[in-house]
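Undergrad: Can you build the whole structure from these sequences, using the hints too?
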Amino acid sequence: MSDMANIPADPSAVPPNGMTVSGVEPIKILIIDDDELALSVMRKLVEAENCVADVSSSPQQGLSKLPENHFDAILCDMWMGDMTGKDFYLQVKQNFPEYQRKIIFVTGDLASETIWEFIEERQLPYILKPFSRPELRRKLREVVGERLDLVQPSKPGKQSWDSTERRRHRRYVIKASAMVRRKKWAVGGPDISTVVNASKDGIFFTTDREYRVGMEVFVAFPYTGYNDIEQEGHVVRIEELPEGRRGVAVAMGEAAEAARTKFECSKEDSRRNHILVETSERQITPWPASKVERPEAPRAVTEARRLAEELTDLKDAHDRVLDQRDRLAAEEAHIKRQLHELSTAKSTMSGIVNDLTSQMEKLQQELAAGEETRFLATHDSLTGLWNRAGILDILKRELVRARREGTPVGVLMADLDHFKKINDTYGHLAGDAVLREVAQRLQAGVREYDAVGRYGGEEFLIVLPACQEIPVKHAERLRTLVSAEPIYTDDGAISITMSLGVAASRSDLFQPEALLRAADAALYRAKRAGRNRAESAAPEDAANGSSAAS
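If you use the numbering used here, the sequence shown closes out at 557, no skipped numbers anywhere.
Errors might be hidden in some of the hints.
Claimed, not checked - In the BS3-like style, the derived pairs of lysine-lysine whose C-alpha atoms are separated by at most 25 Å in a straight line are:
no.: 1; residue 1: LYS136; residue 2: LYS93
no.: 2; residue 1: LYS35; residue 2: LYS93
no.: 3; residue 1: LYS146; residue 2: LYS322
no.: 4; residue 1: LYS72; residue 2: LYS35
no.: 5; residue 1: LYS353; residue 2: LYS343
no.: 6; residue 1: LYS35; residue 2: LYS109
no.: 7; residue 1: LYS109; residue 2: LYS51
no.: 8; residue 1: LYS322; residue 2: LYS109
no.: 9; residue 1: LYS146; residue 2: LYS100
no.: 10; residue 1: LYS93; residue 2: LYS72
no.: 11; residue 1: LYS51; residue 2: LYS100
no.: 12; residue 1: LYS322; residue 2: LYS93
no.: 13; residue 1: LYS51; residue 2: LYS136
no.: 14; residue 1: LYS146; residue 2: LYS51
no.: 15; residue 1: LYS136; residue 2: LYS146
no.: 16; residue 1: LYS207; residue 2: LYS269
no.: 17; residue 1: LYS146; residue 2: LYS72
no.: 18; residue 1: LYS427; residue 2: LYS100
no.: 19; residue 1: LYS269; residue 2: LYS51
no.: 20; residue 1: LYS480; residue 2: LYS534
As the list claims (entries may be wrong) - Have a look at the derived ranges for each label pair, beta carbon to beta carbon:
no.: 21; residue 1: ASP515; residue 2: GLU455; range: 54 to 62 Å
no.: 22; residue 1: ARG395; residue 2: GLU455; range: 18 to 26 Å
no.: 23; residue 1: LYS136; residue 2: GLU339; range: 29 to 37 Å
no.: 24; residue 1: THR355; residue 2: LEU329; range: 31 to 39 Å
no.: 25; residue 1: LYS136; residue 2: VAL308; range: 51 to 59 Å
no.: 26; residue 1: THR351; residue 2: LEU314; range: 50 to 58 Å
no.: 27; residue 1: LYS480; residue 2: GLU547; range: 47 to 55 Å
Honestly, the hints are just simulated from the structure, not real lab data.
All C-beta atoms in this analysis are idealised placements derived from N, C-alpha and C, irrespective of residue type, glycine included.
TA: Following this line, the structure appears as C-alpha cells:
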C-alpha cells in the first residue's frame with residue numbers, strides 16, 4: 008500500500024448521525040449478492056456516492072429486511088443459488104410492490120434469452136459487470152432521482168487542468184501505483200503504472216505501453232489489489248519521455264465525462280496531444296429537502312416532472328398488462344398440463360381397456376372351451392342329447408327330489424325297431440342320420456323340463472319329472488311322433504318304428520337301478536309282442552329286467 012498520508016480525508020463520508028453534510032436524509036441502498044467479493048466492491052462503490060449500504064448474501068435474507076427497513080434502491084445480482092433475480096423480482100412484486108420500481112439488476116451475462124426478455128419487457132434498470140462508479144451513479148439516478156445530487160457534498164470551484172493555482176493547491180508528490188485497464192480492445196491485462204502526480208479529478212503516470220488521446224479506461228488508484236474501486240477515466244494528454252516511455256494524463260470521475268464531451272465535440276485529430284480538461288467554476292448549491300419545488304422553477308422543469316409522472320403511470324400500466332399476460336400464460340400452461348395429463352391418462356386407460364378387453368376375450372374363449380368340454384363330457388356328440396352318464400345323473404337327481412316332494416318320476420326306455428337292418432341296408436351314415444332325426448323328434452315331443460338322453464346304440468332314455476299323467480300316454484305320443492313320417496336321407500326315405508318300456512317311481516321304487524330294470528323289462532315285452540308299441544312295467548319287473556332285442 009502506498010503512503011497516502013498527505014492526501015486530505017474524503018469530505019463526502021456520511022456523518023455518524025445518519026445525515027449527509029447537506030442536511031438531507033441519506034439514501035439507503037440494499038445490496039444482494041451471494042459473492043462476498045462482489046458485495047464488498049459494490050458496497051464501496053455505493054458508499055463512495057455518499058449513500059448508506061446494507062448488504063445481504065442471499066435473496067431470502069434481503070427479503071427479510073424489507074418489512075422493517077426503508078430502502079431507496081436495491082442492487083440485486085441476477086444469478087444467485089436457488090433463487091434468480093427474476094424469482095426475487097416476482098417475490099418483491101407480490102409481497103412488497105412499493106419496491107417493484109426500485110430494483111437495479113446486476114449481471115455479467117445477458118445471454119439468457121428468457122432473462123433478457125424479462126428485463127426488456129418490463130423496462131427494468133440493469134448494469135453489467137464490471138461497472139464503474141459513474142455507471143453506478145447513472146443507474147442510481149434513474150431510480151432515486153435528484154436526491155442523489157442533493158446528498159453529494161458541496162464542492163469548491165475547480166481550476167483548469169493546467170492552472171498554476173490548481174497545481175499549487177491540489178497536486179501531491181506521491182509514490183504509488185495505479186492499475187489502468189483499457190475499456191475496449193484490452194490486450195495483455197491491466198497496466199500497473201507509476202503515478203507521478205494525482206488529484207481528485209485525474210492522475211499522471213508513466214508507462215511504456217501505447218495510449219492515445221480519447222481512449223476510455225478504468226483506473227483503480229491508490230492501487231490496493233483487485234478489490235479496489237475502479238473509476239472511469241479518459242486519456243486527455245500524452246507526453247513523450249526519454250527511453251521510450253510515455254507520460255499519460257487521465258481525467259477521472261466527472262472530469263472524465265467532461266473530457267469525453269470535449270473530445271467528441273473537438274474537430275482536432277484524436278492523435279494530437281493537447282486536449283485539455285475544463286472543470287466547472289460554479290458550486291452546486293442543493294435545495295432544502297423540505298421543499299418540494301424550487302421557487303420560481305422553470306416551466307421546463309415542471310414539464311419534465313409531469314412527463315416523468317406520466318412515464319411512471321405508463322410503466323405501471325405496462326406492468327399490469329404484463330401481469331395479465333403472465334396470468335394468462337400461467338393459466339394456459341396449467342390448461343396444457345391438464346390436457347397433457349388427461350391425454351396421458353387417456354392413453355393409460357386405453358391401454359388398460361385394451362388389456363382388459365384382451366383378457367375378457369381370452370376368458371370368454373376359455374369359458375367357451377370349458378363349456379364345450381363340459382358339454383362334450385355330458386352330451387352325445389352325434390345327436391346332441393344327454394349321453395348315458397348325463398341322463399343317469401339327471402335321473403338320480405329327479406328321484407331324490409321326487410322322494411322329498413312326494414311326486415312320481417316316469418322313465419321311458421325307447422329302442423328303434425330293426426335298426427341293425429337299416430345299418431346293413433343303407434350304411435352307417437344313413438343310420439347316423441336316422442339317429443339324429445329321431446333325437447330331434449323325441450326332443451320336440453317332450454316337455455321343456457323333461458330330459459332325453461342316448462342310452463346306448465339305438466336306445467334312448469326319457470326322464471319325466473313330476474309325471475302326474477300315466478307315463479304310457481307320453482310313450483304312445485312319442486312313438487307316434489317318431490313313426491309318423493319316414494326319415495329322408497341321401498340314400499332315400501327310411502321308415503322307422505320304435506318300441507318303449509314304461510316305468511314310474513312309487514313309494515317302494517325309488518332306486519334308479521330298480522326303475523331302469525322295470526322299464527327295460529317292459530321294453531322287452533313290447534319287443535316280444537311285435538314291436539312298435541309301448542308296454543308298462545309290472546310290479547315284479549323291478550327285480551327281473553332283461554335286455555330288449557332289436
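Undergrad: Hints first: check each against the structure and report whether it holds.
TA: Structure-based check of all given hints:
no. : hint                           : verdict
1   : LYS136 with LYS93              : holds, 17 Å
2   : LYS35 with LYS93               : holds, 22 Å
3   : LYS146 with LYS322             : holds, 17 Å
4   : LYS72 with LYS35               : holds, 12 Å
5   : LYS353 with LYS343             : holds, 15 Å
6   : LYS35 with LYS109              : holds, 11 Å
7   : LYS109 with LYS51              : holds, 20 Å
8   : LYS322 with LYS109             : holds, 13 Å
9   : LYS146 with LYS100             : holds, 20 Å
10  : LYS93 with LYS72               : holds, 18 Å
11  : LYS51 with LYS100              : violated, 28 Å
12  : LYS322 with LYS93              : holds, 18 Å
13  : LYS51 with LYS136              : holds, 15 Å
14  : LYS146 with LYS51              : holds, 16 Å
15  : LYS136 with LYS146             : holds, 13 Å
16  : LYS207 with LYS269             : holds, 19 Å
17  : LYS146 with LYS72              : holds, 22 Å
18  : LYS427 with LYS100             : violated, 106 Å
19  : LYS269 with LYS51              : violated, 29 Å
20  : LYS480 with LYS534             : holds, 18 Å
21  : ASP515 with GLU455: 54 to 62 Å : violated, 30 Å
22  : ARG395 with GLU455: 18 to 26 Å : holds, 22 Å
23  : LYS136 with GLU339: 29 to 37 Å : holds, 35 Å
24  : THR355 with LEU329: 31 to 39 Å : holds, 38 Å
25  : LYS136 with VAL308: 51 to 59 Å : violated, 35 Å
26  : THR351 with LEU314: 50 to 58 Å : holds, 54 Å
27  : LYS480 with GLU547: 47 to 55 Å : violated, 23 Å
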